[in-house]
Amino acid sequence: MNGHFSKLLLITWAILAFSCKPNLILTEVKTNNLTVAENSSLLDSQIVFQYLPFKNILEKDMKRVISFSEKEMVKGRPESGLTNLLADLVLEEGQKEAVRLNLQIEPVVSFFNYGGIRTWLPKGEITVGKIFELMPFENEMVFIQLTGTQLQQFYDIVASKGGDSVGGVRFVISNGKAKNIMIEGEMLDSASIYWMVTNDYSASGGDDLAVFTQRLKLITSGKKIRDIIISNFEGRKIRGVNLTETLDGRITNE
Amino acid sequence: MNRRGFIRNGLAGIAGLSLGAAPFNLLAGSDFTTISIMHTNDLHCHIEPLSGGSGNVAGHGGLARISEMVKRVKAENPNTLLFDAGDIFQGTPYYNYFKGELMLQLMSAVGYDAATMGNHEFDDGLEGIAESLHAAKFPFICSNYDFSNTMLADKFPRWKIFKRDGIKIGVYGLGIELKGLVANKNFGNTIYSDPLKTALEMEPFLKFEHKCDLVVCLSHLGLRYRGNKISDMVLAAETSLTDLVIGGHTHSFLEKPIIEKNKAGNQVVVNQAASYGRVLGKIDFVFERTKKKRKVAATENKIAGNEA
Numbered sequence: 001m002n003g004h005f006s007k008l009l010l011i012t013w014a015i016l017a018f019s020c021k022p023n024l025i026l027t028e029v030k031t032n033n034l035t036v037a038e039n040s041s042l043l044d045s046q047i048v049f050q051y052l053p054f055k056n057i058l059e060k061d062m063k064r065v066i067s068f069s070e071k072e073m074v075k076g077r078p079e080s081g082l083t084n085l086l087a088d089l090v091l092e093e094g095q096k097e098a099v100r101l102n103l104q105i106e107p108v109v110s111f112f113n114y115g116g117i118r119t120w121l122p123k124g125e126i127t128v129g130k131i132f133e134l135m136p137f138e139n140e141m142v143f144i145q146l147t148g149t150q151l152q153q154f155y156d157i158v159a160s161k162g163g164d165s166v167g168g169v170r171f172v173i174s175n176g177k178a179k180n181i182m183i184e185g186e187m188l189d190s191a192s193i194y195w196m197v198t199n200d201y202s203a204s205g206g207d208d209l210a211v212f213t214q215r216l217k218l219i220t221s222g223k224k225i226r227d228i229i230i231s232n233f234e235g236r237k238i239r240g241v242n243l244t245e246t247l248d249g250r251i252t253n254e
Numbered sequence: 001m002n003r004r005g006f007i008r009n010g011l012a013g014i015a016g017l018s019l020g021a022a023p024f025n026l027l028a029g030s031d032f033t034t035i036s037i038m039h040t041n042d043l044h045c046h047i048e049p050l051s052g053g054s055g056n057v058a059g060h061g062g063l064a065r066i067s068e069m070v071k072r073v074k075a076e077n078p079n080t081l082l083f084d085a086g087d088i089f090q091g092t093p094y095y096n097y098f099k100g101e102l103m104l105q106l107m108s109a110v111g112y113d114a115a116t117m118g119n120h121e122f123d124d125g126l127e128g129i130a131e132s133l134h135a136a137k138f139p140f141i142c143s144n145y146d147f148s149n150t151m152l153a154d155k156f157p158r159w160k161i162f163k164r165d166g167i168k169i170g171v172y173g174l175g176i177e178l179k180g181l182v183a184n185k186n187f188g189n190t191i192y193s194d195p196l197k198t199a200l201e202m203e204p205f206l207k208f209e210h211k212c213d214l215v216v217c218l219s220h221l222g223l224r225y226r227g228n229k230i231s232d233m234v235l236a237a238e239t240s241l242t243d244l245v246i247g248g249h250t251h252s253f254l255e256k257p258i259i260e261k262n263k264a265g266n267q268v269v270v271n272q273a274a275s276y277g278r279v280l281g282k283i284d285f286v287f288e289r290t291k292k293k294r295k296v297a298a299t300e301n302k303i304a305g306n307e308a
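For the protein sequence lines, the chains are Z and U, in the order given.
Counting from 1, position 133 in the first sequence corresponds to residue 133 in this note's numbering; the numbering is continuous, with no gaps.
Counting from 1, position 268 in the second sequence corresponds to residue 268 in this note's numbering; the numbering is continuous, with no gaps.
Check before you lean on any hint, since a few could be wrong.
What the hints assert, rightly or not - Using 27 Å as the maximum straight-line C-alpha spacing, the simulated DSS-like pairs for lysine-lysine come out as follows:
{"no.": "1", "chain 1": "U", "residue 1": "K229", "chain 2": "Z", "residue 2": "K161"}
{"no.": "2", "chain 1": "Z", "residue 1": "K55", "chain 2": "U", "residue 2": "K229"}
{"no.": "3", "chain 1": "Z", "residue 1": "K217", "chain 2": "U", "residue 2": "K179"}
To be verified - A few chain Z residues that face chain U, going by a derived Cβ cut-off under 8 Å, partial list only:
{"no.": "4", "residue": "T27"}
{"no.": "5", "residue": "V48"}
{"no.": "6", "residue": "R118"}
{"no.": "7", "residue": "G205"}
{"no.": "8", "residue": "N242"}
Said to hold, decoys possible - Derived list of chain U stretches under chain Z, where covered just means 3 residues or more per stretch with a C-beta under 8 Å from a C-beta of chain Z:
{"no.": "9", "region": "95–102"}
{"no.": "10", "region": "251–261"}
{"no.": "11", "region": "278–286"}
Just so you know, the hints here were simulated from the structure itself, not pulled from any lab data.
Here a beta-carbon is modelled for each residue, glycine too, at the ideal position from N, C-alpha and C.
Chain Z on its own, in the form it takes in the complex:
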């Protein structure tokens, strides 16, 4: 009895539901990209209250001024103030570190991957927080030994990307390849062996640099790239030297 009744109810419901159901038609799509800016909206105080205790912990550490930049430095290709500064800094600190660790190696070139540079340096005071934004990754400085042929392959990759953050080298981009590669004032010799300073992400082949995984040797430093940048900048501040832009034409387009 009960079963019959519910079946009947179900059928009635089904007839009613389906007979009356209109088509559902997508008639219009309206698309917008809204700017998330002061003039479009206030801050949700509930969210601010939720992160405030964390912000306070961070701010104490982050607002320390470690350097002063004479210009705003933005990354760009084939070269730029920022990419050159970072590649040169890593080379200089890598050379010092090699001596400190008594590695008996002489790094002559450096690479600071373009994609890993996550912001720009503003003109004026540079804080610890800014370096965290610039280099948020916990990447470590490493040394890799490459053959001249591998180095040529690497610079060809750089050339195909239109330039990158490289130090200790000069070359010309010609038809997407690196031409006239000069290292320490001499033409790159495919039969020679070179030491490069870079980071562990690139050394492990990150950003399509599989050529680095074929390196002859790898030595880790145990030092974080970010810590190296911070101490280098602080060193300049102590010596009273501001950050300046060096555009020396290390990579040019033919």
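Given chain Z, put chain U in place with the hints provided.
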């Protein structure tokens, strides 16, 4: 006809966040329903608005501002969904100090409905994801990453269906190839499958088997590349049933969303909201309950067709 014009104006008002709740309330119980899909990508732990530096974006973004904007849109239209297309982790000291946990906790408070996984979610390995995941009250939808042989087995749905006002919105998620982009040890035994192949499985599954009215893809593939590399634009052109591709990875700033022709010749929306929460994408799908046949009336920024 008049009424449809009114809706358009109402939506334009919401775009500027200047109008009150009137338009949607007036339409309650009418033959129109709007599903609003809002989205971000590549937040990279930008909890606070951007600090100085590059002039015109200073002060932009911030989860608290995104939250307020979403609240206001939801007040006007409760049928609003909020998605993120990945790369939530890494990018400010908040990540170095508090890892992904704080970000996921805050995004949950903002009311995100779903996200997909970006390559930077792997920055602290599978362990990094496992340790912070408890803070997320929304799912990470991953259709082409298979975590079965990892510590993250069964943590992520391959798809999810949201129902709003009787309308079914099916969502699938596509991640980028990890090899070469993420250190091997950081993704371990995660299996990556071809995104296009996955999309071609997911869209009929959601559209026909689950009778979704809308099919949305959350993608961290990137907007477009030179050459044949799989991207959102390739995906849009090669699929037939996906209505919206919400992208990330390339941090692409789009003046307005892209409307592309899909493989079936219908229109598909492809969008990306720059990065760091500077932009909030908002796509409104207006449905009409009618006994009339399918209408086709496409104009700029509006697409028609796609009968459910």
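Hints versus structure:
1. For a cut-off of 27 Å, the pair hint linking U/K229 to Z/K161 stands: about 16 Å separates their Cα positions.
2. Restraint check: the Cα-Cα separation between Z/K55 and U/K229 comes to about 40 Å, which exceeds 27 Å; the hinted pair is violated.
3. A threshold of 27 Å between alpha carbons decides the hint, and for Z/K217 with U/K179 the separation of about 22 Å falls inside it, so the pair holds.
4. Evaluation of the Z/T27 hint against chain U yields a held restraint, the C-beta minimum of about 5 Å falling below 8 Å.
5. Checking Z/V48 against chain U: minimum C-beta separation of about 5 Å stays under 8 Å; hint holds.
6. With a cut of 8 Å, the hint placing Z/R118 at the interface with chain U holds, because the nearest CB-to-CB distance is about 6 Å.
7. Below 8 Å, beta-carbon pairs count as interface contacts, and Z/G205 has one with chain U at about 6 Å; its hint therefore holds.
8. Because the smallest distance between the Cβ of Z/N242 and any Cβ of chain U comes to about 17 Å, over 8 Å, the interface hint for this residue is violated.
9. Counting residues of the region 95–102 of chain U whose CB lies closer than 8 Å to any CB of chain Z gives 5, so the stated coverage by that chain holds, three being the minimum.
10. Given as covered by chain Z, the region 251–261 of chain U passes the check, having 5 residues with a CB less than 8 Å from a CB of that chain where 3 are the minimum.
11. Requiring three or more residues with a Cβ within less than 8 Å of a Cβ of chain Z, the coverage given for the region 278–286 of chain U holds, as 9 such residues are present.
Checked against the numbered hints above, the structure violates hints 2 and 8; every other hint is satisfied.
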